[in-house]
Amino acid sequence: MSASKERIVDVDAFLVSKTDTKGRITYCNEPFLKIVGAKQNELLGKPHNIIRHPDMPRIVFKLLWEYVKSKREIFAYVKNKSFDGGYYWVFANITASLDANKNIVGYYSVRRKPNPKAIEIIEPIYKKLLELEKTGGMEASSKALFELLEQKHTTYDELVNNLQRL
Numbered sequence: 024m025s026a027s028k029e030r031i032v033d034v035d036a037f038l039v040s041k042t043d044t045k046g047r048i049t050y051c052n053e054p055f056l057k058i059v060g061a062k063q064n065e066l067l068g069k070p071h072n073i074i075r076h077p078d079m080p081r082i083v084f085k086l087l088w089e090y091v092k093s094k095r096e097i098f099a100y101v102k103n104k105s106f107d108g109g110y111y112w113v114f115a116n117i118t119a120s121l122d123a124n125k126n127i128v129g130y131y132s133v134r135r136k137p138n139p140k141a142i143e144i145i146e147p148i149y150k151k152l153l154e155l156e157k158t159g160g161m162e163a164s165s166k167a168l169f170e171l172l173e174q175k176h177t178t179y180d181e182l183v184n185n186l187q188r189l
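So the sequence shown is numbered by this note's numbering: it starts at 24 and just counts up by one.
Possibly wrong hints are sitting among the right ones.
Listed next, the in silico EDC-like pairs over lysine to aspartate or glutamate satisfying Cα-Cα at most 16 Å (straight line) [claimed, not checked]: (1) Lys28 with Asp107; (2) Lys136 with Asp35; (3) Lys85 with Glu162; (4) Lys85 with Glu96; (5) Lys92 with Asp43; (6) Lys151 with Asp78; (7) Lys104 with Asp78; (8) Lys125 with Glu96.
Source of the hints: derived by calculation from the structure; they are not laboratory data.
Please build the complete structure, drawing on both the sequences and the hints.
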């Protein structure tokens with residue numbers, strides 16, 4: 024399969040993975056393994072960014088980590104790569120896993136099929152953010168993202184959730 028081959032997440036699928044506090048995969052369900060095209064032993068213990076697609080701007084992951092490390096859930100559109108060179112888009116929900124004393128012991132992610140209309144909107148935004156990161160670093164993409172949110176009179180959370188409802 025070529026890098027341009029998109030895999031489509033089934034409308035009924037929940038792609039689930041868990042990581043430790045360092046982002047190493049500790050659990051993944053069958054639908055997740057299937058879309059990645061991997062066996063469990065190829066993913067367990069590996070950093071979750073093993074499936075990070077190069078088209079993803081780093082600012083999205085910076086936001087993600089800021090949210091979950093402060094025990095806030097986050098929703099995000101994420102383009103991942105599969106082991107066969109293809110890619111797939113997901114609408115991800117990531118939360119911190121807490122112990123009885125409310126200490127973070129890991130992270131939990133459930134991904135669903137994204138609204139295709141949302142991807143049509145988010146993909147050019149990500150492309151612009153990625154270009155800015157290549158020339159001006161994370162600071163440039165962060166500034167552009169927050170300027171976009173300000174122009175739209177919205178927050179990051181409202182933007183991604185409203186896109187999913189289009």
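Checking each numbered hint in turn, tell me which of them this model violates, lowest number first.
none
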